[in-house]
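Chemist: Under the numbering used here, think of the first position of the sequence shown as 1, with each following residue one higher.
Because the hints were derived from the structure by calculation, they are not lab data.
None of these values were measured; they are calculated from a predicted model.
One should not assume that every hint holds.
Result set (BS3-like, lysine-lysine): computed pairs, CA atoms no more than 30 Å apart in a straight line [to be verified]:
#1 K281 to K21
#2 K21 to K61
#3 K72 to K21
#4 K72 to K61
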Amino acid sequence: MKILSLLVACTVACPAVAERKLPPFTEAVLPIGNDIYAVSIGTGGPDEEFGSDATNGGLYKLTPDGATEEIKLSDGQGLRNPTGMVRSGNQIVIVDGNEIISTASDGTVNWRQALGDDGVFLYDIEAFDEDTLLVSDFGRGAFLSVTAQTGQNQPYLVDLSISGLARFAVTETGIYAVSWGSDDAWDSALYWVPHSGNGDAATVVSNGFGNLESVEIVNDTVVVGGYRGHEGHPSAKLMRVETDGTVHPLSAGSPSRGISDILFDGSSIWLTYFYDASYAKLPSQAVQNLDQ
1 MKILSLLVAC TVACPAVAER KLPPFTEAVL PIGNDIYAVS IGTGGPDEEF
51 GSDATNGGLY KLTPDGATEE IKLSDGQGLR NPTGMVRSGN QIVIVDGNEI
101 ISTASDGTVN WRQALGDDGV FLYDIEAFDE DTLLVSDFGR GAFLSVTAQT
151 GQNQPYLVDL SISGLARFAV TETGIYAVSW GSDDAWDSAL YWVPHSGNGD
201 AATVVSNGFG NLESVEIVND TVVVGGYRGH EGHPSAKLMR VETDGTVHPL
251 SAGSPSRGIS DILFDGSSIW LTYFYDASYA KLPSQAVQNL DQ
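Let the sequences and hints guide you as you build the complete structure.
Modeler: Here you go:
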């Protein structure tokens, strides 16, 4: 498996990696065609992320000519704390605090569903199949199953509870999920949650991370990203995790940058740098042979 050597080599020797500035406190990017869409929690930053009712957040489009356009939602309600988004058919579906919002790329809102339960803070959203999305609820440590065309939702794996549940990656047999943890301890972890069962079979794959936020599967390899690395590799922000829990630091991106989201689109890896308000795209040659 060459993911470690290829990512290191690409960081040093590949042609210039595409990197663009983003609005402040961007949580994730989503490439669609030649454009890049981004969700930002806005000018208040993390100090307002969980409690703000102000519509400081936004959905943005970055075009190939370098322009950045804020996309206003047609229902006029705006965004407060958008942290995740996914493409589903011809719609972009965003999680924002206690809401799930479906919009066309021009901002035309298809539906908006709010959860009224106490403590809800929706964090990440991924496709389960063409009709169903999965959402992580950071506030309650649980998953939701969402009907893509209507936003109707219900608990998924109802007995599951992962404190600090952040982002996740879906496979055919289960889910890799990461937890955030506290700011002064190495208590973030990577979990494996099988689709079968009632959720109480969630197991820790690897722990000892500091403020882990993102996870992605790159050609059957688990890659995680965070802000304070691992207790064994405290300067690393991007890491590979073996099936036995062994952690390998990766050198893609500056070690000073926290990675809020990782996206693999089948040919390129997209890294979102939250505090630097930028993203990087690792070119396709860096990932073509990662599983060899």
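Chemist: Does each hint fit the structure? Answer for all of them.
Modeler: Hints and how they fare:
This hinted pair checks out: K281 and K21 have alpha carbons roughly 12 Å apart, not beyond 30 Å. Restraint check for K21 and K61: the C-alpha separation of about 12 Å stays at or below 30 Å, so the hint holds. Proximity of K72 to K21 is assessed by CA-CA distance (about 20 Å); at most 30 Å being required, the pair is judged to hold. Only pairs whose Cα atoms come within 30 Å are accepted, and K72 paired with K61 is accepted, the gap being roughly 11 Å.
Of the numbered hints stated above, none is contradicted by the structure.
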